[in-house]
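Chemist: Take 312 as the starting number for the sequence shown in this note's numbering and just add one per residue.
Just so you know, these hints were derived from the structure itself, not from any lab.
Heads up, a few of these hints could be off.
To be verified - What follows is a list of derived Cβ distance ranges for each label pair: (1) A327 <-> T490: 36 to 44 Å; (2) A381 <-> N479: 20 to 28 Å; (3) R339 <-> E399: 18 to 26 Å.
Treat the numbers as computed from the prediction; the structure is a model and nothing was measured.
For every residue, glycine included, the Cβ atom is placed at its ideal position computed from N, Cα and C.
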Amino acid sequence: FAGLNADGSSVGSLAALARSGDLLIGTRTAMDIELAASNGLTLLRTDGLLTQREGRIGVQGSRIVLESGASAGIGRANAPVLITLVNEGTLSARGAGDIFIASQSADVAIESIFATGRVTLGSAGAITDSVGSGAPRIVSNGLTILGASIGTADRFLGYETTSTATSNLQSEGAMFVET
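Start from the sequences, fold in the hints, and give me the full structure.
Modeler: Written as structure tokens, this is what we have:
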């Protein structure tokens with residue numbers, strides 16, 4: 312990466328493709344993604360803002376893990392990180408700030424999402440709990456979820472927000488959630 316802009320975002324960008332196996336990338340600075348794809352685990356770990364280059368493909372994997380370290384969030388309100396889960400994959404995300412993620416694939420199965428800021432997650436398909444343990448899958452300081460459906464009748468999507476935070480959950484179909 313070539314350096315940082317005044318807003319803490321990366322000047323350069325990343326394009327990486329693992330034709331077989333997993334893709335694991337870490338950096339001590341911000342990361343701007345053009346493409347990060349595998350058919351296995353795709354893990355991106357930064358110690359800065361994790362963003363996506365406008366108009367680019369995004370992140371693909373059967374298990375996607377996004378971590379922005381102790382100093383920043385993931386995506387931006389007007390430019391979420393776009394994900395594509397393959398082979399009925401799962402999503403985990405952790406950030407010290409706001410998280411903005413949108414799915415390009417039909418469904419998003421959440422393993423865990425943690426943010427010190429607000430989480431905004433959108434999908435054209437279902438947003439579900441991949442674990443089913445009864446523990447919250449999303450812990451944040453505010454939550455917005457937009458999906459075709461949220462949770463399932465046998466596996467509610469659990470979330471936990473701070474007492475003063477707002478939650479906005481919207482679904483065209485069924486919604487099964489618990490706090």
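Chemist: Taking the hints in turn, state whether each one holds.
Modeler: Now the hints, each set against the structure:
At roughly 37 Å, the beta-carbon separation of A327 and T490 lies within the given 36 to 44 Å, and the hint holds. A hinted range of 20 to 28 Å holds for the C-beta pair A381 and N479, which are about 27 Å apart. As the Cβ distance of R339 to E399 is approximately 33 Å, the hint placing it in 18 to 26 Å is violated.
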